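Heads up: the sequence lines are chains A and B, in that order.
So in our numbering, spot 67 of the first sequence is number 67, and the numbers just go up one at a time.
So in our numbering, spot 71 of the second sequence is number 348, and the numbers just go up one at a time.
Since the hints were derived computationally from the structure, they do not count as laboratory data.
All values reported here derive from a predicted model rather than from experimental measurement.
Even glycine gets a Cβ: it sits at the ideal position worked out from N, Cα and C.
There's no promise every hint is true.
[Said to hold, decoys possible] Facing chain A, according to a computed beta carbon distance under 7 Å, are these residues of chain B, among others:
id, residue
1, Lys285
2, Thr290
3, Ala294
4, Gly351
5, Ser352
6, Tyr391
7, Ile394
8, Met415
9, Phe424
10, Ala448
[To be verified] Derived contacts from chain A toward chain B, CB cut-off under 8 Å, selection only:
id, residue
11, Tyr38
12, Phe115
13, Gln117
14, Ile118
15, Leu160
16, Tyr166
17, Ala238
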Amino acid sequence: MKLKLFSYDQLDTFVHRLSGLSKLVCFMLLTSAVMLTYDIRVILGILLLSYIMIMIAKIRFSQIKLMLIYVAAFLIFNFFLTYVFAPEYGCKIYGTKHVLFTFGGPYTVTLEQLFYQITKLLKYLSVIPLGMIFVLTTNPSEFASSLNSIGVSYRICTALALTLRYFPDVADDYNTISLAQQARGLELSSKAKMMDRLKRTAGILVPLIMTTMDRIDIISNAMDLRSFGKYKKRTWYAARPLKKEDWLAMGVSLLALLISLYVRFFINHSLFYNPFV
Amino acid sequence: MNTKFSTKTIVATGLGAAVFLVLFMYVKIPSPVPETNLQIAYGVSSFFATVFGPLAGFLVAFVGHALNDFISYGSPWWSWVFASGTSALVTGLCASKVAPKVEAGEFGKSEMIYFAIYAVIGNALAWLLVAPVLDILMYAEPVSTVFLQGITAFIIDAIVSVVVGGILLKAYASTKVQQGSLSKE
Chain A
1 MKLKLFSYDQ
11 LDTFVHRLSG
21 LSKLVCFMLL
31 TSAVMLTYDI
41 RVILGILLLS
51 YIMIMIAKIR
61 FSQIKLMLIY
71 VAAFLIFNFF
81 LTYVFAPEYG
91 CKIYGTKHVL
101 FTFGGPYTVT
111 LEQLFYQITK
121 LLKYLSVIPL
131 GMIFVLTTNP
141 SEFASSLNSI
151 GVSYRICTAL
161 ALTLRYFPDV
171 ADDYNTISLA
181 QQARGLELSS
191 KAKMMDRLKR
201 TAGILVPLIM
211 TTMDRIDIIS
221 NAMDLRSFGK
231 YKKRTWYAAR
241 PLKKEDWLAM
251 GVSLLALLIS
261 LYVRFFINHS
271 LFYNPFV
Chain B
278 MNTKFSTKTI
288 VATGLGAAVF
298 LVLFMYVKIP
308 SPVPETNLQI
318 AYGVSSFFAT
328 VFGPLAGFLV
338 AFVGHALNDF
348 ISYGSPWWSW
358 VFASGTSALV
368 TGLCASKVAP
378 KVEAGEFGKS
388 EMIYFAIYAV
398 IGNALAWLLV
408 APVLDILMYA
418 EPVSTVFLQG
428 ITAFIIDAIV
438 SVVVGGILLK
448 AYASTKVQQG
458 SLSKE
């Protein structure tokens, strides 16, 4: 079981030097820019930007290999599912029909469908590196403080900080309990029936939840003793002041969002970019 | 909010999300339907929602699911992350009735039924309404695919929420001392 949450590296690059707050803001601005458009030109632009950022942040291939495998599997599955269930969706969007070839029956491959699905694929491909950059270059402790500085209640941020901090412990506990139960002969492999496995896994959960409940008591007592929650605001040890680079990065991201909105409302006059008319 | 969202609830939310995340990432039981898994984690979110209330439940599922997506895909699939949160949020609405009973060591048939009804409604809202609608609005996915995925997710997650959540609530209630369990001899 891999216990490391983020393979965060302490490096000294432009991206690492940005504060957690500005990385979070950039991440949100750029993902909204991609989400609000279906124009392949805007998407390609952001895709290029995010791959340049990956180069600048010196993210190694080994760090993102596993992610890429999951993503590829998901995207391929989504690609085929979309085609099988909505083979004419592209024609409906773009209003024209250029048939390339037929598989027989209702399954024709049209230029519109291909264009729609490729745009969609690129759309996901351009968002994913943004998240990877954010996760791999932000110190987990800084993550909570940056959420707090964009206005999320510090109580919720503390909860998130606790999640990140206790994830490895909980994973350890789960592993120990599961192995102990299997040593006593609890069948959890695919040999058991689905309902049995569900019930038996729930059986592992019971001790896990009980330990967690005990831990919740201990931690919340410790926090109460230190007067947590007395004031309306809290300061964060990991917070960093904003520098010139931070404003630059946020400015570029905001510009990307504005371009995406401009193209949508003033050039295409719709969500989709239509090269077919 | 200050009185409701106590330190204990905050800590429970944080650790609950950690448990949710661990289970979501590592524990998947393949179901008879291909390409879908039973996510035990939804039992945990419905448990935390019932014991600690709707907001805690929402955050457990929302944060857990979002972090899982961050770690395994790099970027969250927001529509389904929201749907996960919604399912726990609605389940948590039964907390005002069920939680005091559970804390007093009682989890009988009537509480189970009450909990199950909320869990099923929560999952129905999340997977039949929130997830497909957000998929269409945010990602412009074709209608037929999202509803097919939604129905599968609803059936599976409702079963997991009720069965696993029920087992956990029953076990947790039995660790609490029942009122009037001591009698004078």
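(request) Please name the hints from earlier in the document that this structure breaks, with their numbers sorted from lowest to highest. (result) 6, 7, 9, 12, 13, 14 and 17
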